[in-house]
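A.B. asks: Mapping of the sequence shown onto the numbering used here: residues 216 to 824, in sequence order.
Take the hints with a grain of salt, since some may be wrong.
Taking lysine to any residue pairs in the SDA-like style, the calculated list, with each CA pair at most 25 Å apart, reads [said to hold, decoys possible]: (1) K597 x P451; (2) K817 x A726; (3) K464 x A422; (4) K622 x A632; (5) K464 x A540; (6) K342 x L501; (7) K811 x R771; (8) K316 x N372; (9) K464 x D655; (10) K811 x A777; (11) K597 x A638; (12) K361 x E306; (13) K404 x P431; (14) K399 x P451; (15) K622 x A588; (16) K746 x T795; (17) K464 x L518; (18) K342 x P500; (19) K792 x A726; (20) K342 x K464.
Between beta-carbon pairs, the in silico distance windows are [unchecked claim]: (21) I453 x G360: 34 to 44 Å; (22) S445 x Q358: 26 to 36 Å; (23) I453 x T429: 27 to 37 Å; (24) L340 x G385: 20 to 30 Å; (25) G283 x Q477: 12 to 22 Å.
What the hints contain is simulated information worked out from the structure, not anything from laboratory work.
Beta carbons: idealized from backbone N, C-alpha and C, even for Gly.
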Amino acid sequence: MKQNLLKNLTEFATAATARKYKRCSFGLYGVKTGIAACLLFLLPIVATAQPNKTFSGGNHAEAVVWPGYNELLITEIMADETPAGGLPEQEYIELYNPTDKVLTLAGIRYADATSATTLPEVELLPKEYAVVVPNTQVNNFSQYGKVIGISNFPGLNNSGELLQLRRPDGQLIYAVNYSAAWYKDNGKKDGGWSLEMVDVANPCGGAENWTAATHPDGGTPAQANSVAASNPDNTPPILTDAAAIAPDKLLLTFSEKLDSVQAASIAGYNVSPGITIAGAQVPGPLFTEVILQLATPLQENQLYTLTVASMADCAGNLNSQPLQATFALPSVPAPGDVVINEILFNPRPGGTDFVELVNRSGKYINLQNWQLAGGDSTSNAKTITATNYMLAPGQYVLLTSNPGNIKTNYPAAKEEAFLAMAALPAYPDEAGTVVLLQPDRAIADRFGYNEEMHFALLDDVNGVSLERVRLDGASIAGNFHSAATTVLATPGYQNSQVQGEVQAQQIFEVAPQIFSPDGDGFEDFTTINYKADKAGQIANITIFDAQGREVRKLVRNELLAAGGFFQWDGLRADGSKAATGYYVFYIELFGLNGEKSQYKAKVVLGGQL
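With these hints in hand, go ahead and build the complete structure from the sequences.
C.D. replies: Printed below as a string of structure tokens:
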């Protein structure tokens, strides 16, 4: 150790090495006195074994160091340079030194999501900006300020991506995961404008601390940003999600960068009932997530509560109240657990489609990586969500590309049940098929619809959804009905035409026995429920009025399942509404061996008084 220390001091003390590393300027002191001054200055630094320090100065020695965390910032990003305004048509990033130290960039790794490069041996003075461009563009940017040219410049994604700066030893300096949404201006998002950090004293800030440049040129490379303003972070972090990613692992997601040291302490977390926490990790580079290692495994079909006693963000803001979230260990889904509950395929002019799902199982099911498709092919499938989204037993979720439009057209809609998708598959107004796919591409549910399934007496079907009648029924035309005219659709909540399961006590049973097809959502149709006593039976159902006149052939040669139902909406064979009064269902049942059975059931078609 002593020999190495003496060797280092001797090397640092030579004039040749001093010139090479720019660590000392002997100036007025003279060479002999200058070497002594350098030795006195270097001794404590070398003794602390910090190999990243070099030195420069005027008439005295000054430390030049690698930056620590948040000591070198990316403060401007030109991701989409076309069409150019007054700037050269070139992608760039801007670096800023917020410290009072001279920083060396030698060996620092700059990386995007797919590639990386190394910054050259350049010093950045305190509060100094520099623009980073490809070597071939250095001259084009020299008029704006300090320019750093690099080879293998990582291309910037227009839509956004993760950018990182790391020291040669791998230590994180700064990271930002920018997004096109940060422009907050649809026109500027289309190109020719940079994203600028608003407050360089708030490096922990995300979307709220970035926006589109306002300078007429489209950006301010190597200069103070055109949007520069005080924008401190005074808000503590919010717990946005808790998800069980394994029986013994819990992933917590927060609204902003955390104090990673404080977040790694297990003392601040509690999971009930009955779960012991063994450890906590705060993965970088963004530090917005915490992974809790559980000593006690989670159980399926159990709802848990996570409590975070306190949590500080990167800026030091601490929440004053405990943070809580409920979660469950997701179960493996089976086809039919989650089904299509409602569809709007023919919206009003200016409206948008939606598909509503419901979890009719007793499981907690994660919709992450589930897909929606349209038509007979699943090649056009769209991912519902790439992130955790737990659907509890009996819970609804409404899928749409425009939640605001749905809320405007249906004021009673439950926004907490909305899940926005970038785009839904195409669902034509005349006819189509909705297909729901599990992550393994197994078909969870399929529903073929057409416009003729709407209640025939509706004056206008635009903006009227088709709703599932019975939760446990099949996804067939007979189990869907037009939503009540009083609401037109029920996005995010119980269907207006929902009917509880009827357990037929006889082979055939009518419920309700009095109905009124007036579109008010209360007993707008009746059902003939059946419970087959043997397999392979074929049914015909004909409706007669009280005078014995045929009104409608409702069912012809229908192969019965073990149980099910048929619905009558009160319409005659010609599509007109039947008069109020008594009606008889005449049911013929044919067995495999030619045996025939006959049944009759009465129903009353009522109307408004």
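A.B. asks: Now tell me, hint by hint, if it's right for this structure.
C.D. replies: To see whether the hints hold, each was checked on the structure:
1. K597 x P451: Answer violated: K597 to P451 is near 35 Å, above 25 Å.
2. K817 x A726: holds, 10 Å
3. K464 x A422: With a Cα-Cα distance of about 29 Å, the restraint between K464 and A422 is violated, given a limit of 25 Å.
4. K622 x A632: Holds - the C-alpha atoms of A632 and K622 are around 11 Å apart, at most 25 Å.
5. K464 x A540: At roughly 15 Å apart (the allowed maximum being 25 Å), A540 and K464 satisfy the hint.
6. K342 x L501: holds, 24 Å
7. K811 x R771: Distance ~15 Å between K811 and R771 Cα, so the pair holds.
8. K316 x N372: violated, 32 Å
9. K464 x D655: Holds, at about 22 Å.
10. K811 x A777: Holds. K811 to A777 sits at ~18 Å (cutoff 25 Å).
11. K597 x A638: With Cα atoms ~7 Å apart, K597 and A638 stay inside 25 Å; holds.
12. K361 x E306: holds, 16 Å
13. K404 x P431: Within the cut-off at roughly 15 Å; holds.
14. K399 x P451: holds, 23 Å
15. K622 x A588: Holds: K622 and A588 sit about 24 Å apart, inside 25 Å.
16. K746 x T795: violated, 28 Å
17. K464 x L518: holds, 15 Å
18. K342 x P500: Holds, at roughly 24 Å.
19. K792 x A726: Satisfied, since the Cα-Cα distance of roughly 19 Å is no more than 25 Å.
20. K342 x K464: Cα-Cα ~43 Å, so violated.
21. I453 x G360: 34 to 44 Å: With Cβ atoms ~38 Å apart, the hint holds.
22. S445 x Q358: 26 to 36 Å: holds, 29 Å
23. I453 x T429: 27 to 37 Å: The hinted range 27 to 37 Å holds for I453 and T429, with Cβ atoms some 29 Å apart.
24. L340 x G385: 20 to 30 Å: At 25 Å between Cβs, range holds.
25. G283 x Q477: 12 to 22 Å: holds, 18 Å
When each numbered hint is compared with the structure, violations occur for hints 1, 3, 8, 16 and 20.
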